[in-house]
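Can you make the complete structure from the sequences, with help from the hints?
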Amino acid sequence: MITLENVRKDYASDVRIGPLDVTIPSGGITAMIGPNGAGKSTLLTMVGRLLGLDAGTVTIAGHDVTRTPSKKLARVVSVLRQENHFVTRLTVRQLVGLGRFPHSAGRLTADDERKVSEAIDFLDLRHLEGRHLDELSGGQRQRAYVAMVLAQETPYVLLDEPLNNLDMQHAVAMMKHLRGAADTLGRTVVVVLHDVNFAARYADHILAMKDGIVVEQGAPDEIMRDDVLTRIFDTPVTVVQGPYGPVICYC
Amino acid sequence: MADVITRTDVATGLEPATPSHADAAPRSSGPFTSRRGRTRFTVLVVVLAAAAVALAAGYLLLDNPGRPGTTGHLLVMQRRATSLAVIAVVALCQGLATVAFHTVTGNRIVTPAILGFEALYVTVQTGAVYALGVAGIVALDGVPQLLLQIGIMVALAVGLFGWLLSGRFASLHVMLLIGIVLGTGLRSVSSFMQRLLTPSEFDVLTARMFGSVSNADVSYLPVVVPLALLAGGLLLARSRRLDVLALGPAVATGLGVEQRRETRIVLTLVAVLVAVSTALVGPMTFLGFLAATLAYQVAGTFSHRHVMPVAALTAFVVLCGAYVTLKHVFYAQGAVSIVVELVGGTVFLVVLLRKGRL
Chain A
119 MITLENVRKD
129 YASDVRIGPL
139 DVTIPSGGIT
149 AMIGPNGAGK
159 STLLTMVGRL
169 LGLDAGTVTI
179 AGHDVTRTPS
189 KKLARVVSVL
199 RQENHFVTRL
209 TVRQLVGLGR
219 FPHSAGRLTA
229 DDERKVSEAI
239 DFLDLRHLEG
249 RHLDELSGGQ
259 RQRAYVAMVL
269 AQETPYVLLD
279 EPLNNLDMQH
289 AVAMMKHLRG
299 AADTLGRTVV
309 VVLHDVNFAA
319 RYADHILAMK
329 DGIVVEQGAP
339 DEIMRDDVLT
349 RIFDTPVTVV
359 QGPYGPVICY
369 C
Chain B
-16 MADVITRTDV
-6 ATGLEPATPS
4 HADAAPRSSG
14 PFTSRRGRTR
24 FTVLVVVLAA
34 AAVALAAGYL
44 LLDNPGRPGT
54 TGHLLVMQRR
64 ATSLAVIAVV
74 ALCQGLATVA
84 FHTVTGNRIV
94 TPAILGFEAL
104 YVTVQTGAVY
114 ALGVAGIVAL
124 DGVPQLLLQI
134 GIMVALAVGL
144 FGWLLSGRFA
154 SLHVMLLIGI
164 VLGTGLRSVS
174 SFMQRLLTPS
184 EFDVLTARMF
194 GSVSNADVSY
204 LPVVVPLALL
214 AGGLLLARSR
224 RLDVLALGPA
234 VATGLGVEQR
244 RETRIVLTLV
254 AVLVAVSTAL
264 VGPMTFLGFL
274 AATLAYQVAG
284 TFSHRHVMPV
294 AALTAFVVLC
304 GAYVTLKHVF
314 YAQGAVSIVV
324 ELVGGTVFLV
334 VLLRKGRL
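These protein sequence lines are chains A and B, in that order.
Residue numbering for the first sequence follows my numbering, starting at 119 and increasing by one per position.
Residue numbering for the second sequence follows my numbering, starting at -16 and increasing by one per position.
Hints are supplied without guarantee of correctness; some may be wrong.
Derived DMTMM-like pairs (lysine to aspartate or glutamate); straight-line CA-CA distance at most 20 Å [stated by the list, open to error]: (1) A:Lys189 to A:Glu271; (2) B:Lys310 to B:Asp46; (3) A:Lys189 to A:Asp230; (4) A:Lys190 to A:Glu271; (5) A:Lys328 to A:Asp344; (6) A:Lys189 to B:Glu245; (7) A:Lys328 to A:Asp139; (8) A:Lys190 to B:Glu245; (9) A:Lys294 to A:Asp322; (10) A:Lys189 to B:Glu241; (11) A:Lys328 to A:Asp345; (12) A:Lys190 to B:Asp46.
Since the hints were derived computationally from the structure, they do not count as laboratory data.
And the structure:
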C-alpha cells in the first residue's frame, strides 16, 4: 500500500501540488488521469523519491521514502520517467541487467541472469536483446526500460506515461504487458495515463487529479461517468458502451 | 512486429526459456555482447600495453648522449625515468578523471578543464610571478608550492560542487556554465597581470604555461604518485556505480544509487586527479578528452571498469608517443602540449561536428 499524508510540492507561490492525502491499494493497476499540469507526474515522481517533498510523508509498504536509504527502497519500488537520457552505449540486455543492480550491486549471478532473461522474454524483447538502445524505435526502447524495472523485482512499479509516443498497436501491447505484470507477477503497478479509455479498460483503480489535488478516486465504473469526467477535464464528455467496456467521446 | 500482440497474451506470464534456444550461446548481460567483443578487448589491451612498454623503453633508452656505464649516462637515464613516471601519473589522472567526469555530467564532450582548472592554474602561476618576481618564484619552487597548488584547485572545485549541487540550482548545466564564466574571468585577470610583467618575468611564466613534464621535479613524485593512485583506485572501485549513473539521475536513483551523493564523491575524486595532473605539468586541456574519446570508440563496452583503464593506457600511449616523436624525430620536445592539443582539438571538433550536440 502506498500512503501519502499531507504531501505538498510548491513550484511557485501560486503553483502548488497538494495537499495530497491518498492511499493507493496494493495489487493490480492504478491509473492516474487528469488534465495537463494537474500534478500526476509530480505525485508519481515524489512517490518514487525522484523529487523531494516540501511537506508531508509518503509511505510505501511501511517505508518512509524520504528516510529509507535509496538502496533499500530500490528493492521495494521501481520508477520510470517518460524520457531517459543515457550516455553509454548499451544493449537491451545490458540495460535490463542493470535493473538487477539493487540486488547484485553490478555483479550478476546466474540467478540474476535468469531473472533478466525472464523480464526480457516477458516483454517480447528476446529477438532485440543484443541490439543497442540507439538502434531501437521509441516504443522498443520504452519496452526495454519497462523490462529493466520489471527485472528490478520490486513489489511496486511506478511508470510515468509509458504509452507516450506509442502507436495504438504498441500501446495496447504495453498495457497487456503491464496487466500481466500485475496479474501473473503480482506487482502493484501505478501508471500515469493520458488516454482515459486505456485506464478504463486495463486499470483496477483510477485516481483523477485536477489543479494539484486528487478529485476522484475509485473503480473504473465509478469514474467513467459523463458528469465525473466532464468535471475533471472541463470538457463535455460522453461515456458510451464499447465492445470492451465503457469508452469516452469528447471531440 | 505483427506477432507482438498475439504473443503478448496476458495469460502467458513467465515461461522458462524455450528449449530451442538451449543450444545457443548462454544469454549474458555482461560488458561484452559476444565472445568476439571480449577477445577484441583483450587484444586491444595487450596491444596498448605493448605500445606503452615499447614507447617507454624508447623514451628511456634512445639517443642517450652519454656512453653506457658512465655517470652521465646514468644521470640522463634517471632524469628520463622521472619524466616517464610523471607521464604515467598524468595519463592515469587525465584518463580516469575525464571518463568519470563525462559519466556524471551526462555528456561526452565537456572535460574537467571547463571547470576553470586550467584557468586557475594560469592565474595562480601568473599571480605568483607578478607578486614575487622571478627570484621569489624560483626560491618557492618545490613540494610546498605543489601541494598549495593542488589544495587550492581541489578546494575550489569541491566548494563549487558542494554549493551548486546542494542548493536550488542542483543542475550540472548551471555548474558548467559557472565554470566557463569563472574560467573566463580568471583568464582575464591573469592576462591583465601578464601585461604588467617585465619581459624576463613574462618569459619565465610562458615556460610554465606550456604543459611539459620538464615542469615536474623528482621530489614531487613521492607526493603525487600515492595521491593519484589513491584517487584513481577509489574511482575504479566505484566503476559499477558509474555504470548505473550513466543512465541518468532519475534511473540511477530508481536503481538505488544515491545520485547526488555519488556525483559529489566522484567529482571530488576527479578534482583531485585533475589538480594533481595540472599542478604537476601544467595545462593539458585536450589530453583527457582525446584519451576518453578514443577509449569509448575502441573498448566497445559500457563497463567503466573496462573503459577507464583503457582511457588511462591510451593517454599514456598518446603522451609518451608525442614525447618520443618530438624528441627523436622533430627535436622539439618542449612543444608536446601543443601537439597533443592540436591533435586533441581536431578530434574534439570532428566529434562535435559529427554528433552535432554536447
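Looking back at the numbered hints, which does the structure fail to meet, lowest number first? Hint check: 12 fails alone, others pass.
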